[in-house]
Each structure stands twice: as C-alpha cells, then as structure tokens.
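Listed in order, the protein sequences are those of chains A and B.
Counting in our numbering, the first sequence runs from 1 upward without gaps.
Counting in our numbering, the second sequence runs from 1 upward without gaps.
Rather than coming from a laboratory, the hints here were simulated on the basis of the structure.
One or more hints might be untrue.
[Unchecked claim] Quick look at which bits of chain A chain B covers, simulated, 3 or more residues with Cβ under 8 Å:
no., stretch
1, 1-14
2, 30-41
3, 54-60
4, 132-143
5, 158-166
6, 336-342
Everything numeric in this text was worked out from a predicted model, so none of it was measured.
Idealized CB from N, CA, C, for every residue including glycine.
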Amino acid sequence: MKIEKLIEKIEGEASLDFSFEAGVVSDVRIRFGLYRGIEQILEKKAPRDALVITPRVCGICNHAHLMAAVKAIESGYRASGIDVTLSPKADAIREFTLACELIQNHVKWLYMTVIPHFESLTGKRSQENHALKASYISTTITKALAIFAGQWPHSSYAVPGGVTCDPTYVDVMQATALVEEAIRFFEQMMVGMPLEAYLGIDSVSQLHSIQGDVGRLMQRLGEAGMAEKGHSHDRFIVFGEGMGFVSGKATATTVSSVDVRYVEESNQEDSTAKAVSYKQKQFETGPLARAIIAKNPLIKSLHKRYKDSLLTRVFARTHEVGLLLHRAKEALVHLDVTQPSCMLESKLLSTDFEGVGTVEAARGSLIHRSVVKSGRIAHYDIIVPTQWNLSHGNASEKGVAVRAMIGSASIEEASFIFRSFDVCSVCTMQ
Amino acid sequence: MEALKPRLLWLQSITCNGNTHSFLNHPDLFSILSHFELVYHPVLESSCMLHEVLARKAPCDILILEGAFSEQGMVKEGVEILDVALYYANVAEHIVTAGTCATFGGIFKGYDPDAISGFAFDEERQTARFERFSPKLISLPGCPIHPKWLSYVLMMIVQGRSIPLDAMCRPQELYNITVHTGCSRNEYFEWKVDTKGFGLKEGCLFYELGCQGPYTRGSCNKILWNDTSSKTVVGTPCFGCTEPTFPKAVLFETKTHMGIPASMPLGVPRRAYLTATGVAKSFKIKRFEERIITYED
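Okay, chain A solo, but in the shape it has when bound (with noise of 0.2 Å):
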C-alpha cells in the first residue's frame, strides 16, 4: 500500500510518499519541490556577491550561509598565499552572531513545531499560544545579532578578514541585556532552572530534575515511547568547528576524524534535492551529531540509554539551546572593542583560487564550495545539513529520517519523527 502526504511549514513543503507492509511504514520516499538555481545564479559573479546572494537560500538559517560563504572565500586566500588571521574580537563577534541564529532556530522549532504537532500526534491539543513564546525569544535573540550584523535576516556583515561592524562598549551591553533577557526564558519558561545548574547536569538519572515546557516535553515523549522511536543509523558527522562544536565523525562508540574531500552528492531519481553521502555512508548530522562527537556528558549518557532515538534527537536540540546561551554570554564579557574588526583590505585579494567553508548550522554541518576563476565565480557548490539527514540514501543502505521513519505504525507517527529532524525545505532546494 502506498500513500501519498505533504508535509507542510517546514521552511516550506516536502511531498512523502509512505509505503505500508504488514501495517508499518516500510519506505519513505521524499520529494522536494522546484530548484531555484542558487548556484548556477552565482556563477560569473564577482567572488564577494556571494555573501549577499548565499543568505537568500534560506530565510531561518542564513547567517550560517554567510558565515559558510565568507570562510570558503578565506580558505581560498590562503591556498593563494594570503595571510588571513581573524582578530580575537572578529571571531567573538561571528561566533556570537551564529549562536543567536540557532537560538532562534531551536526555539522556534521547539514551540512552533515539536509540541504542536506532539499535542495533535496525542491527541492533547492544549489552548496555549506556542508561536508567542517563539517569536518572543526569536525576537529578543536576533535583536542581539542585529547589533552586530545590522538585521536579520539576511546580513552581510562578515566579510574576509573579519567583520564590518565596529561596536562600542554601549552596543555589548546592549547585546548582553537581550542575551540575559533570552537566558532568563530559557531558565524560567524552557527548563525551570537556572542555567548554571541546568548546565551542571551531566546525567540521564538527573533529568527528572528538569522542569518547564522542555521538562514536561520530555516526560511526555518518555510516556508516549518515543524513546524507543526513530532510531536511525545511529552515525553521526560534524564538520564546522566554533561555538564548542569539534568536527568528526562518530560509529558507536568511536570518534574519528573528517576530510571534506571525502564527501560525495549524488543526484537522486524524483527529487530535485541531491543525496550526500561520506564514503559511501549515511549520517546524521545536527545538535544530536554535534553533542556526540563533542562527548557532551549528558547526551552521552542518554545517548547510551536510548542510542538515537527521537527523544535523544529532540533533547540534543533543546539542550543545544543552553549551550549556546551559555557560550553567547561568555562570547561578550571578554570581548575586546579595541581591537581591530577587519584585518584585511577592501578589495578582492586574489582573482584565482578554490576554497571551502564548512560551518555548524542550526540544521547540521553546511559546506560551501566556491572554485574563483579570473575574479569570477566558476562554480559553485553548496551542501546543506537537510541533504545529510533526507537523502534516500544508496543502494546498500536507507537514508538517515527514512530509516527513522520505518517501522511506524501511522503516517502521522511517521511524519512526527520526519519533523523532528528539524527539516529545511528552502535548504535542500537551493
């Protein structure tokens, strides 16, 4: 039996197309919808356009793809011989802006996906306003990014050798009070702690301790056996460092290291999203992928009671929240205004060259390629984080969320655990 579904508001549409054997869901196939040509519309632009053209892939998580566009113009200077060293303060200031973007992504996908859709899947439809409580949070964080990045979305701040902005001690307390503001709701309205003793969690035994709307999430998704679902591969990749993110690669219990050069898209039959694979295997890349491969303790220990199922994958997500908030906070009482923003000149240093920018988006790892050809872009090449984790995977094994999803007994179980994965449609269509 075959069914057919759209999956709608999720940074767009995605059609999924369910195949029943023996009253369970033995195949998923996921269709995206019309390629909008992002790469082939940077190709013959100047180099540096494409830290005002990438942003517009996506509208939740572009800051990443300037972050993304901007290194791999950095990576390409220096296979060129150019020295870029970024000042401390520049990469306070990036780390600082990137961290609020998957605040206010992770917030947003807790309170506008996870437990509307948890409330409909159990048929507990609750009076609460959710999305109030997103935009609230997604408000007061992007006001702190938008001190240093203009706006957003869609900023263009970080150029090569730094950044634009030249802030005062008047815009880091300014960015300090909305960063307090947004850990003062984690702590009060997400986890009902405050966030150095949420953070001194280091235990699965200890988790009952926390409360709020994560807490209570938590003890729901326990009793309605999600701790038992969505389990994939249980194989995890990061490739953007910062943020106290490390790159690697995680099989069981076995941390490795990583090499772009190992990556591999392929296109795939009845999508316009390309698959991507790492020597011919699938991963999981994300906050889940990211606590692992950092030996986070305590989604290591949650990890070991309930390996990747879909409540370790939406607890890494929320938990992420207060890492972040954590590392945002850190990021601005040592900030240093004297020094200087941007350590390069102006112009565009060199008109030949290949580079890559790898980054820890919201999503998962994102990965820029730009080959630069007579100070015109001759190709360009962007891998998002929703290709990793949706792909259909090859002919040895399923995709990451496709095999999460097999074995569900609905559509609607099915589509909660596809959800969960935090998926960007705009993304993979690029």
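Given the structure of chain A, go ahead and fit chain B onto it with the hints provided.
Just chain B now, with coordinates in the frame of chain A:
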C-alpha cells in the same frame, strides 16, 4: 458581537522564507495578527491547510504574496502556484507583494530571467497582471521585507486609511525616502569623507565600498532593523535590496566614472553633485579624519 475580521492569506511561490521569518521577528506580532483571521501562513498555525488553499477553497480578503513567480513549473501538489495566486488575487480586496521577489523578481529571477518575475512587475516593467490588479496592489519590496513596514500597512488597511502610493504601488511613507536618510554616517557623506576600510564606524561607504543607500528607496535607517540597527550603521554597504534592479553585480565595490560614483543620489543631477562635492572636498575637517572614540590602552 465582534466585527468580522479581514481574512489574511499568505501564499508562497519561489522563496527563501526570509519574509516569513522577518515578520515573525515583529515584537508585536500577535497583537497585529489579532486584527485578522489567519487563513493560511507558511509557518504559523492557520485555519486552512495548504491543500485547501491550493484547491481554492480558502476565503481571502487580504492576499500576501511571498516569492517570485514562474509562468509555469512552480507547482505544489500538482497545482501551478501562479494560477492559485491569480485566483485569490481576483477574490481579495487587497494584494500585498511582500519582499523583492514577489514585487520585482529579486534574487531568484536570476536562474531563469525570461520565465521568472514578480507578480505585477518584472524588474521595472509592468507584467500583464499589473493592469488587472493595480487598483488593489501594494508593493512592499525589500530582501527581506521589514516586519514593521508590513505591519503598518496591514493596520492601515484594517483602519480603512488611504495609503498614498507611488507609480510602482509602493507606500510613499515608506519608500519616498532613501536608505541614506538617517544613516549614522551622514556627516561623512556630507563632507565626502571615505571610509578607510571595513570594520570602522568612521567614513562613508558610498565612494569605494559599493553602498547604494543614497539612491535606494526604503526607510531602513528610519525604522531600524530588529528595532536596533541597519546594514550601513554596522559598516555593511546597502545593496539596494528594495530596488527592481536587485541584485546588481560586484556589490562590494562602487562603480565609478573617472573617480566619481556612476550612480548619483536619488534625483540629484550630476552637475549639482560635482559642485557640492568640489566645495566639500576643498576643506579638510579634522574631526572627520579622527577616530570618534579613543580607548586608553
């Protein structure tokens, strides 16, 4: 009894979702939305499902369009989105094109310039749809849209106020000033003092770094972004994202003719600009050569 609220339908075509997320950052989002019945929205809960919208079963008083349009091929559930947009455009009392893609074609037009355009405009040119729908059209270009520009226009519609528009149906109150208006670097523009590079609060970005603020329509420096800042304030050039020509090429460099910016400030004759520049440049003003703040080591 509560008066019937205008029914708001937000329809997406070829887009990045940037206008959707920009609007979600409105600090008074739910107060604004309380004046409407939300029939469909790309991420917020709404009274209709997408398949009902595509089946033309949704009611619609105000149609918000996000994203560029393709004559064919932009299909959801087997339905051409342009056809769906035309259906609701006929039904609606007001059509708001939210963002530069929906208004002029924007970034995504670049992939297939002959087939992709805005709803009523193809860059500066009117499409066949303009004549049909211009009496109820409001253009709100910007990549992305500024959340407050959209909310103010929606509230003016609710209150039945007339909205003075320009020839491209843009509200004059928002687009008859330039991005340059209110820029924190204005003194440097007045005295023609160039910035010495990225990452400095001193100096104007118009002469070398590609800033299009003086000839780009929009109130980015009057109604600030995220209630706090703007591109030019943080030293990023304005890229002209509200204009029908967005995106131009080589965005981080100013195109010049014999050392003079090729594009003049909006409405300023070249001769007037050169005269004023000549006068301003003949003075060397110490304050504009120095750093604004000196920090002790």
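Okay, the hints, checked on the actual structure:
no.	hint	verdict
1	1-14	holds (count 6)
2	30-41	holds (count 7)
3	54-60	holds (count 5)
4	132-143	holds (count 7)
5	158-166	holds (count 7)
6	336-342	holds (count 5)
Comparing the model with each earlier hint shows no violations; every hint is respected.
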